[in-house]
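In order, the protein sequences belong to chains A and B.
Note that numbering that gives the first Met the number 0 gives residue 206 to position 207 of the first sequence, counting from 1, and the numbers run on in steps of one.
Note that numbering that gives the first Met the number 0 gives residue 19 to position 20 of the second sequence, counting from 1, and the numbers run on in steps of one.
Among these hints, one or two may not hold up.
[What the hints assert, rightly or not] List time: in silico EDC-like cross-link candidates among lysine to aspartate or glutamate, alpha-carbon distance up to 20 Å:
| no. | chain 1 | residue 1 | chain 2 | residue 2 |
| --- | --- | --- | --- | --- |
| 1 | B | K121 | A | E78 |
| 2 | B | K65 | A | E46 |
| 3 | B | K65 | B | D50 |
Rather than coming from a laboratory, the hints here were simulated on the basis of the structure.
One letter stands for each residue in the lines below.
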Amino acid sequence: MTVSIVVVSHSGKIADGAAELAAQMAPDVMVLTAGGTTDGRIGTSLEKVLAALDKAGSGGTVILTDLGSAVMTAESALEFAENPETMVLADAPLVEGLVAAAVAAQGGADIHEVRRAAEAVGGPAHPVGSPAGWPGDGSVTGREPDFAGDFELVNQAGMHARPAAKIAGAISGMDAEVTVNGVDGASMTGLMTLGAGKGSVLHVQAWGADAERAVNYVGGLVQEGFGEP
Amino acid sequence: MVLDVNWAVKWLTLSAQAMAEHRVELIELDRAIGDSDHGENMDRGFQAVLDKLAEAPPQTPGAALKLTAMTLMSKVGGAAGPLYGTAFLRAATSLGDSAEIEPEAWATALAAARDGIVARGKAESGDKTMVDAWTPAVEAARKAAAAGDADVLTVLVAAAEAAEAGAVATDPMVARKGRASYLGERSAGHRDPGAASSALILRAAVGAAA
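Pulled out of the complex, with its shape left as it was, chain A reads as follows (with noise of 0.2 Å):
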């Protein structure tokens, strides 16, 4: 069962615009909204937040929010929620942190890997939300990594969004810890930042079980030039 995401901003729009914007890249995945208040102002209600939780799938729930008080109003939801074990908070900016997040469910990625997607998108701007024996400069305390591949972009356009987003979204729902060019490979804006362009070869690095699975995976999207001309 696809994880499902819930988002809490202070403006409704704020949340049907990034819902809107994930479900372009993670159609089946379920994001639902909690924007505004009960009486459409700017701020954050429990009401409306605890309304979306009950409405997410059985498969678990990964919350994004924007400003301060839509944290703390999430972190209430979770004090009332009936099965708060089964919904984590995540710490992301909530447009990227979304995206990617929607990317990694698409992908069918637990509520842990999910969270983990949409924290990635921080960058060093949020070590904390790092995930513990993050490669980093392409080096897993100095292992040597379990696999290794170099492939070529063939595509037009390169490395852009739509990419980036199904090496992250595949690379979430794995066992390993993967880097693309010293990158992490499951944070959608971290490969985006490497500016490939065509003929520009990746070089993809994993550790973990899934290491040979998640190379062979992303050199695959890579030489069908992940579907695009």
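Since the structure of chain A is provided, determine the placement of chain B on it from the hints.
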């Protein structure tokens, strides 16, 4: 005087009156160092509490406070919603389903409320927040309740007076939490709106018992 459900409902009613009467004052305080919505949000939130109390009259003080918690969290909108909501919720949990509140139990409930505010807002004493009204109130209530022949009114008065002094003491503080912290040194010289509304609410508790 006993603190029963009638007292609790009267307390919440007087709190709503206080929020309506001091609405403009709280807005002005919040305009100086925040986003000027505190008075309006608290007024709206407590009016909604009155509606809920009329719709489904609670049977115990704890039930009245729990209803208040849910309503404030849903209707206030700003940061005060989850903060006060958590405070009332934790106090309600602390009181359980007892029909009457003893002085010691009230001091314990106030401490639970304060701990809830701290857990939710992550503020400490001296950060220029409502914690600066609640912590002295909790200490004064505990001290009053610990005195052998303490009656509940003494405990309520001690808490209200300490909260009022605590709110005044936020005037010179530099804010370290919330929207006011963006102002840095410029936040000094203004009373914290959340500490001011907290003092009003704890004063209303006295009025309900008088």
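Verification of the supplied hints:
1. B:K121 - A:E78: 16 Å, holds
2. B:K65 - A:E46: 14 Å, holds
3. B:K65 - B:D50: Judged against 20 Å, a Cα distance of about 14 Å means the pair holds.
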